[in-house]
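A.B. asks: This is what each chain is made of:
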Amino acid sequence: MVDRGANIDIVFRNGLKDYEVLPPTDVWDNINPVVIAKRKQKPFILLKVAASVGVLIALGYLIYRWGSIIPADYEIPVVAANEESQPSSEMSFSFEKNVAIKDPAVASGESASVGKSENILTGNTPENSVEINKSTTPEIYFTPKTNKLPLSSTGSFAGQYSASLSPVLKKSFNPAVFEKNYSPRYSIVISGYGAIDNSDKWSIAAIASPTYSARVNYANDGLSKQLKGSEKPVVSYSGGVAVAYLVNKRFSIQSGLFYSSVGQEVEGISSFSGFRVFDDSKGDVNFKVLTSDGIIYANNSDVYLVDNRLKDRVLTSYTADVFDPAKANLTYVSNTVRQNFSYLELPITMRYKVIDKKVDVNLIGGVSYNFLVNNSVYTVSNGNKYFIGKTEGLNQMALSSSLGMGMEYKFSGNLYINLEPTFRYYLNPFRDATSSTIHPYSIGIFSGVSYRF
Amino acid sequence: MSEIKKIIKGCLAGDRRDQELLYRRHSAKLYAVCLQYSGNDEEARDILQEGFIKIFENLDHYKHEGSFEGWMRRIMVNTALEKFRSRHNLYRVDDIDTITEPDAESDNQDYAGLEAADLLCIIKELPEKYRMVFNLYAIEGYSHKEISKMLNISEGTSKSDLSRARVILQRRVGSYIGIKKKVANG
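If you read the protein sequences in the order shown, they are chains C and X. Residue numbers are given in my numbering: position 58 of the first sequence equals residue 58, and the series is strictly consecutive. Just add 1000 to the spot in the second sequence (first one is 1) and you have my numbering.
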C-alpha cells in the first residue's frame, strides 16, 4: 500500500469526486417501463401458480370420478329375460353400460316367477341390451352406449321397453308407472352418487354478507411494522348472484357475479378542510400518506392532512413547522382516514355436499378474479363522507381463494335458504410494488335464498 | 425524517414520482461514475440504465446504514464490473515481470489547470483492464486482493496493471497540460 497516495491517484480521486454529467434524456424513459413491468411480474407468476393448482384440482376430480364409474365388465349377478324371441321392430333405443335405471316395481313383482334363469333382454342388434337384475337386487340396469338416453321416434319410452319384455314380465308391467319413474328425463343414477332430479340441475342464488376484512403483512421491516400498528381492519359488505350447476347429487360448480369491498382505517391522520385558499401548488398533490396498502394521494385540494401519531407518514411541503392549521383557521374534520377498495368478482367455486339431510352441509372452495372498480379514500364526520383522494399503485386485478361451509335448508318448493360462512384470502399482493407483501383476507357469513330449476 | 428517507419510502411503496425524483437527483453523479468505467458513452448509458433498475429492485435491502449515495455508487461499479467480466471470461493472468514503475519525476509535475472533464477524457482512453484496476484502486479504494477477486486476476496482475495505468496517465496528463499551456499562450 505504499503507493496508495500516489500523486496521480490523488489528482484523479479528487478531480472526479463530485463530477456530474447529465445522462441522455431517454435513459429514464427506458428505466421506467422496466421497473413497472418487473413490478407486475410477481402477480402473474402467482396467477400461473393458482391456475396450475386449479387445473390439478380439476384433473384430480375427473380422475376420481372416472375411477368410480362402474366399469364395462362390472359383474353383478344378473337374472334377465332373454328377448331373442320377441319382435324386434320396436327396439330402436340403444343401451350399453354405465347408467342404470332402477325399476323396483318390475323387480319386486317378478323376482319369484323369473327364478334363476339367465335371460337378457336384447334387440336385434347386438348393441341393444336391457338387463334385468333379479338375483341379488331387484333392479333393471339400462346401459347406454352414450351419455344420452335417446327416446325412440317410434313410440314412448315405456312402450319400447314393454315391447322388449318377455310375456312373463309383461304381465306385471305398468307403462304409466314405468314412464313416470324411468323415462330418462327423470331419475338417472351415476356411478353410485345417488339420483339427481334432472329438473333440479341448476340453481340461482342471491346472497350477501357483512365482511370483516384485514390483511396479512409478511414484511418485517421497521416501516411496515410502524404502519401496521396504526391501521385497523373494518367491516364492509359483499354480495351478488350465483348460478350453480349440479354435476351430481353431491357435487356442483358455481359461478356468478359479486360486488365486494375491502378496506382499512388509518388512525392518527388528522384532516382539516378549507385549505384551498392556501394552496399555491397549481394542481400538484399537496399531501401523500404512506399506508401499508399503498400511498394515498390527496386529490382534494381543500384538504389539509397532518400525522399526529408517527409524524412521518404524511409527505408534504406544508409541514407543521411552516403551516399551522389552527392559526389558518381550518376546520377540523376527523382523526382517521378510511381506504376503500371495491371489486367486481367472478368466482369459480366447487361445492361438495358432505351431509345430505334436512339441512344440507356443503364444503365450498374456489378462486375468484377480482377487478378493481372503485378506489377511494375518505373520512367520516357526523355521518357525512369527506372525500380525500385515492390510493395509488394498487393491482387492477386480484386473484383470491375462498374456503367455506354452506348450509342449505329447503323451506318451500324449489326455494332454499342458504348460510355460508366463508374465508377469503387474496393470493397476489394487494398493490403492485415490488416489495409488497400484503395479502388481504376477509371473513363473511353469506346468507340468501336460492332457487332450483 | 430526512428527505432522502421519504423518497426511499415512496419508492418502496411503488410511487413512480418518487422513483423519478430519485433518478433525477442522482443520475448525473452516477452517470459520471459510469463514464469513468466505460470506454464510450453508449456503454456508460447502458450501465446507468441497468444500475438504476438494480437500485429500484434492491431498495428494500438498503439498511440506512452508511451513505445512500455510496450504496448506489457501489451498485453502478458492480454493474460496470459485470459488463467487463462478461467480455473477459478468460481474462489472461499477466506476467508480472514487466512492471513499469511510474516515473517519480513526472509524478511530481504540476497538475493545476486540469478540470474534471479533462481527467475523464484521459481515463477513458486507458486500455480497459488498466482503467478497471486504476478506478477500483485509486478512486474506490479497494485493495489488490479485493480487485483480484473482482476481476478474476492475480494480485500481481492487479499491481502490474495499476502501475501501467499510472505510467500511461502520467504521460497523457503531461501532454494534456502541455497542450493546454500552448493553447493558453497562443
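Since the hints were made in silico from the structure, they are not lab data. These numbers come from a predicted model, not from an experiment. Ideal Cβ placement from N, Cα and C applies to all residues, glycine included. Check the hints yourself; a few may be wrong.
Partial chain C-side listing against chain X, Cβ under 8 Å, derived [stated by the list, open to error]:
1) I8
2) F12
3) G15
4) Y19
5) E20
6) P23
7) V27
8) W28
9) N30
10) I31
11) L290
12) I295
13) E392
14) L427
15) R431
In silico BS3-like pairs for lysine-lysine, Cα to Cα no more than 30 Å straight-line [as the list claims (entries may be wrong)]:
16) C:K311 - X:K1083
17) X:K1063 - C:K228
18) C:K17 - X:K1180
19) C:K358 - C:K249
20) C:K17 - X:K1054
21) C:K249 - X:K1182
22) X:K1124 - X:K1180
23) C:K17 - X:K1124
24) X:K1181 - C:K17
25) X:K1029 - C:K232
26) C:K17 - X:K1063
27) C:K17 - X:K1083
28) X:K1029 - C:K17
29) X:K1029 - C:K201
30) C:K17 - X:K1149
31) X:K1005 - C:K225
32) X:K1182 - X:K1149
33) X:K1149 - C:K232
34) X:K1006 - C:K390
From chain C, some residues computed to sit far from chain X (all C-beta separations above 10 Å) [as the list claims (entries may be wrong)]:
35) R13
36) I204
37) V243
38) K385
39) M397
40) F423
A.B. asks: Would you mind marking each hint as holding or not holding in the structure?
C.D. replies: The hints, checked one at a time:
1. Because the closest C-beta pair between I8 (chain C) and chain X is about 5 Å apart, less than 8 Å, the hint holds.
2. For the restraint placing F12 (chain C) at the interface with chain X, the shortest Cβ-Cβ distance is roughly 6 Å, inside the 8 Å limit, so the hint holds.
3. Because the closest C-beta pair between G15 (chain C) and chain X is about 4 Å apart, less than 8 Å, the hint holds.
4. The interface hint given for Y19 (chain C) holds, since its Cβ lies 4 Å from the closest Cβ of chain X, which is under the 8 Å cut-off.
5. Satisfaction of the interface hint for E20 (chain C) is found here, the shortest Cβ-Cβ separation to chain X being roughly 4 Å, below the 8 Å cut-off.
6. At about 4 Å, the closest approach between the beta carbon of P23 (chain C) and any beta carbon in chain X falls short of 8 Å, and the interface hint on this residue holds.
7. The interface hint given for V27 (chain C) holds, since its Cβ lies 5 Å from the closest Cβ of chain X, which is under the 8 Å cut-off.
8. Satisfaction of the interface hint for W28 (chain C) is found here, the shortest Cβ-Cβ separation to chain X being roughly 6 Å, below the 8 Å cut-off.
9. Evaluation of the N30 (chain C) hint against chain X yields a held restraint, the C-beta minimum of about 6 Å falling below 8 Å.
10. The interface hint given for I31 (chain C) is met, as the beta carbon of that residue sits about 5 Å from the closest beta carbon of chain X, less than 8 Å.
11. Restraint check, L290 (chain C) versus chain X: the minimum CB separation of about 6 Å is within 8 Å; hint holds.
12. Because the smallest distance between the Cβ of I295 (chain C) and any Cβ of chain X comes to about 5 Å, under 8 Å, the interface hint for this residue holds.
13. At a threshold of 8 Å, the smallest CB-CB gap from E392 (chain C) to chain X is about 7 Å, leaving the interface hint in force.
14. Given hint, L427 (chain C) at the interface with chain X, is violated; its Cβ is 19 Å from that chain's nearest Cβ, farther than 8 Å.
15. A cut of 8 Å between beta carbons decides the hint on R431 (chain C): the least distance to chain X is about 6 Å, and the hint holds.
16. Distance restraint check for K311 (chain C) and K1083 (chain X): the Cα-Cα separation of roughly 43 Å exceeds the 30 Å cut-off, and the hinted pair is therefore not satisfied.
17. Proposed proximity of K1063 (chain X) and K228 (chain C) is supported: the alpha carbons are some 20 Å apart, at most 30 Å.
18. Distance restraint check for K17 (chain C) and K1180 (chain X): the Cα-Cα separation of roughly 22 Å lies within the 30 Å cut-off, and the hinted pair is therefore satisfied.
19. Under the criterion of a C-alpha separation no larger than 30 Å, the hint pairing K358 (chain C) with K249 (chain C) is consistent with the structure, at around 15 Å.
20. Annotation: proposed proximity of K17 (chain C) to K1054 (chain X) holds, straight-line Cα distance about 23 Å (limit 30 Å).
21. About 100 Å separates the Cα atoms of K249 (chain C) and K1182 (chain X), which puts this hinted pair outside 30 Å; it is violated.
22. As the CA atoms of K1124 (chain X) and K1180 (chain X) are separated by approximately 19 Å, the hinted pair is consistent with the 30 Å bound.
23. For a cut-off of 30 Å, the pair hint linking K17 (chain C) to K1124 (chain X) stands: about 16 Å separates their Cα positions.
24. With a C-alpha separation of about 25 Å, the suggested pairing of K1181 (chain X) with K17 (chain C) holds against the 30 Å cut-off.
25. Pair hint K1029 (chain X) plus K232 (chain C) does not hold up; C-alpha atoms about 43 Å apart against a cutoff of 30 Å.
26. For the proposed pair K17 (chain C) and K1063 (chain X), the alpha carbon gap of about 24 Å is at most 30 Å, so the pair holds.
27. A C-alpha spacing of about 23 Å is found between K17 (chain C) and K1083 (chain X), which places the hinted pair at or below 30 Å, so the restraint holds.
28. At roughly 9 Å between alpha-carbon atoms, K1029 (chain X) and K17 (chain C) fall within 30 Å of each other, so this suggested pair holds.
29. With a CA separation close to 70 Å, the supplied pair K1029 (chain X) and K201 (chain C) exceeds the 30 Å bound.
30. As the CA atoms of K17 (chain C) and K1149 (chain X) are separated by approximately 25 Å, the hinted pair is consistent with the 30 Å bound.
31. Under the criterion of a C-alpha separation no larger than 30 Å, the hint pairing K1005 (chain X) with K225 (chain C) is consistent with the structure, at around 16 Å.
32. With a C-alpha separation of about 43 Å, the suggested pair K1182 (chain X) and K1149 (chain X) falls outside the 30 Å cut-off, and the hint is violated.
33. Annotation: proposed proximity of K1149 (chain X) to K232 (chain C) is violated, straight-line Cα distance about 51 Å (limit 30 Å).
34. Restraint check for K1006 (chain X) and K390 (chain C): satisfied, since their Cα atoms lie roughly 19 Å apart, inside the 30 Å limit.
35. The Cβ of R13 (chain C) sits about 5 Å from the closest Cβ of chain X, inside the 10 Å cut-off, so the non-interface label is violated.
36. Distance check for I204 (chain C) against chain X: the nearest CB is about 40 Å away, which clears 10 Å, and the non-interface claim stands.
37. The claim that V243 (chain C) lies off the interface holds: its Cβ sits roughly 37 Å from the closest Cβ of chain X, which is beyond the 10 Å cut-off.
38. With a closest Cβ-Cβ approach of about 25 Å to chain X, K385 (chain C) is found to remain outside the 10 Å limit, as its non-interface label requires.
39. Chain X leaves M397 (chain C) outside its interface by the beta-carbon criterion, the shortest separation being 16 Å against a cut-off of 10 Å.
40. The beta carbon of F423 (chain C) sits about 28 Å from the closest Cβ of chain X, which is more than 10 Å, so the claim that it is off the interface holds.
In the structure shown, a violation is registered for the earlier hints numbered 14, 16, 21, 25, 29, 32, 33 and 35, in ascending order.
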